[in-house]
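Participant: Chain residues, written in single-letter form:
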Amino acid sequence: MIALAAALLLLTAPGPDDASVVLTFETGARTGSVMVALYDSEADYEGGAAVAQAMVPASGPVVARFENLPAGDYAVKAFHDVDGDGQMDTNPFGLPTEPYAFSNNAVGNMGPARWDRARFPVSGETAQTIVIR
Amino acid sequence: MQASRRSFLMGAAALSAAVAAPETVRAMAAMQASADWALATADLEADVAPRAMRLVHGRAPAGLTGTLFRNGPGKFRRPGGSATHWFDGDGLMRAFRVNGGQVTLDARFADTPKRRFESEIGAVVTPGFGTPGDARARIGSNDDASAANTAVMLAGDEVWALWEGGSPLAMAASDLSTKRFVTLRDDLKGMPFQAHPRYDPDGTIWNIGLNGGQAVVWRLNADRSLNAAQVIDLPRASYMHDFTATGRHLILVLQPWVFDHRGMPYASQFAWKPELGTQILVIDKADLSRRRLFDLPAFSYFHLGDAWEDASGTIRFDVAAGKDVAFAIDGARVLVEQRGSVPGEHAVLKLVTLHTDGRAEMASSGVTAEFPKSDPRRAGLPRRLTVHVAGERPDRPLPTGLATWDWNSGRSDSFSFGDSQIMEEAVIVPRGPDETDAWLVAPSINLREGVTELHAFDAARVSDGPVASWRADVALPAGFHGIWAG
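Read top to bottom, the protein sequences are chains A and B. The first sequence runs 1 to 133 under our numbering. The second sequence runs 134 to 619 under our numbering.
Some hints here could point you the wrong way.
What the hints assert, rightly or not - FRET-style restraints, in silico, Cβ to Cβ:
no. : chain 1 : residue 1 : chain 2 : residue 2 : range
1   : B       : A593      : A       : A29       : 54 to 60 Å
2   : A       : E42       : B       : R210      : 33 to 39 Å
3   : A       : T129      : B       : A185      : 27 to 33 Å
4   : B       : S167      : A       : T129      : 43 to 49 Å
5   : A       : G86       : B       : G396      : 33 to 39 Å
6   : B       : D552      : A       : E42       : 44 to 50 Å
7   : B       : P334      : A       : V22       : 26 to 32 Å
8   : A       : E26       : B       : V189      : 35 to 41 Å
9   : B       : F392      : A       : E26       : 47 to 53 Å
10  : B       : R395      : A       : E125      : 49 to 55 Å
11  : B       : N232      : A       : Q87       : 33 to 39 Å
12  : A       : D83       : B       : A593      : 20 to 26 Å
As the list claims (entries may be wrong) - So, partial list: chain B residues that the calculated Cβ filter (under 8 Å) puts toward chain A:
no. : residue
13  : D320
14  : R352
15  : D356
16  : R357
Keep in mind that the hints were calculated from the coordinates and are not lab data. For clarity, every value in this text was computed on a predicted model and none was experimentally measured. For glycine and all other residues, C-beta sits at the position ideal for the given N, C-alpha and C.
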């Protein structure tokens, strides 16, 4: 019996790089694209390179899918490039005028949401809906 | 049993006498009964559904029909943390609706992201003007920190709750339900829109928003659409709650309360440096690059009166001028503590004159005054009358009466309710051609009855007292600023 359970566990346990993240964005406008960056460590999230990126047109369902990820903690930064100019537009005082969001729908404290608010565990297929408007 | 308990209490009393260090005394002061003015900063726990106010004095003025919209903080305290400064309570919009001699009152909280989040977690955590806030705050934009609690402007079938650091918040004029933050143009989303817009006779509206040594100058059309927004550099990064204007010029008063270091709460970033004096920046409305700078000895202020300009180009405006920023820093904090003495000297109504040869001078009326207001039809035009609240004393932190000051005759016409009422800012409702042909409409908190009242005064005879007073069955905390919709 124990041997059978162990065998089943072996069959179903995820391999090293077969986790995935599926992010569904709820946007206000239907123009432009949602730009998504996925991070796998606090250091990279706070100022390094993304492990993966996506640009999803906002005209249809806005779903970003990241496959073949090692299980672990991840966090997402996204902004909606409403006017499609490739930039995150800001007002004359330097504050964003295009919608932005973080995983967990986290909100920062006078700045971007920090890793501790935005990080989420990923194993198997992990889905989140992020409101960005 | 009884005896041993008494001896224990006696022992405790002796012990406390032996250790009555200053901090102990302060802690004991905190246990004292609330001041008799404490209703001014009491918490209102819920919206106030429309209800009739009862005429308790005089006769309703014939022809006085309209709504007094007023904004001001309505809730400060939550179990897990509280606003500690008068300027940081949740915005409560009030509507005193006057029609055919009948008055109704309704009030609703501005449904801001700040209030929603803090209601959910049961704690005030958002930094404000004088409230530090804490690490639990969720601020993704200026508007996330908005208390929407300072003033109000009319906008068609909406009223816009104004704050200082972010966007106007649109609320329905009919039922005060919150609609949305107002973005005047997509690329200006979240730009600060301050609480004291100025109105031109043709309906054009001017306002400012500050960011350190820069200001955005807003110019709105009469229909509240955007005409222009331009960022200008300031001679110094001064804290400004208000500005004023003549028909041709914008006037920014740069008190020597200047940006010193980053931090929270907001006001902690500014240092009072009286040695710098106060500068007056005059900007041509037609060309914001055309500007003149005047120098005066240091004074502090929150509120300015409407300015005017004579044929020679001499500019005059009044100011509720203070000596320093003690009230702004500490006084407004003690008001929320609801006990103890409130630091800071009360403001005095003064007149600034800017001569065409570059000289500036300042004359004092000698009267204690705040919330200076004048005939809305004469905004930016020559006038003589200023309406203001009155009666603050060193032992009385909030106004007890209303007055007018005539800059031509040097005469004050004033009425005091005595210590039984807290007087709030008046609006001027014109009824005839002269400046004194007007009703002054203002609420008060009747401390003896424990309720809010609404009063109408005759601007020509303020000292006669209200011609009509209506009483609600509920007390609202003291508001800041209002506007009349006729």
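Participant: Next, verify each hint and record whether it holds.
Facilitator: A quick look at each hint next to the structure:
1. A593(B) / A29(A): 54 to 60 Å: holds (55 Å)
2. E42(A) / R210(B): 33 to 39 Å: holds (36 Å)
3. T129(A) / A185(B): 27 to 33 Å: violated (47 Å)
4. S167(B) / T129(A): 43 to 49 Å: Since S167(B) and T129(A) have Cβ atoms about 47 Å apart, the given range 43 to 49 Å holds.
5. G86(A) / G396(B): 33 to 39 Å: This hint holds: roughly 35 Å between Cβ atoms.
6. D552(B) / E42(A): 44 to 50 Å: violated (58 Å)
7. P334(B) / V22(A): 26 to 32 Å: violated (59 Å)
8. E26(A) / V189(B): 35 to 41 Å: violated (53 Å)
9. F392(B) / E26(A): 47 to 53 Å: violated (39 Å)
10. R395(B) / E125(A): 49 to 55 Å: violated (43 Å)
11. N232(B) / Q87(A): 33 to 39 Å: Violated: the Cβ-Cβ distance is about 52 Å, outside 33 to 39 Å.
12. D83(A) / A593(B): 20 to 26 Å: The hint (20 to 26 Å, Cβ to Cβ) is violated, given that D83(A) and A593(B) are roughly 57 Å apart.
13. D320: holds (6 Å)
14. R352: violated (15 Å)
15. D356: Violated, because the Cβ-Cβ distance from D356(B) to chain A comes to roughly 23 Å (cut-off 8 Å).
16. R357: violated (19 Å)
Checked against the numbered hints given earlier, this structure breaks hints 3, 6, 7, 8, 9, 10, 11, 12, 14, 15 and 16; the rest are met.
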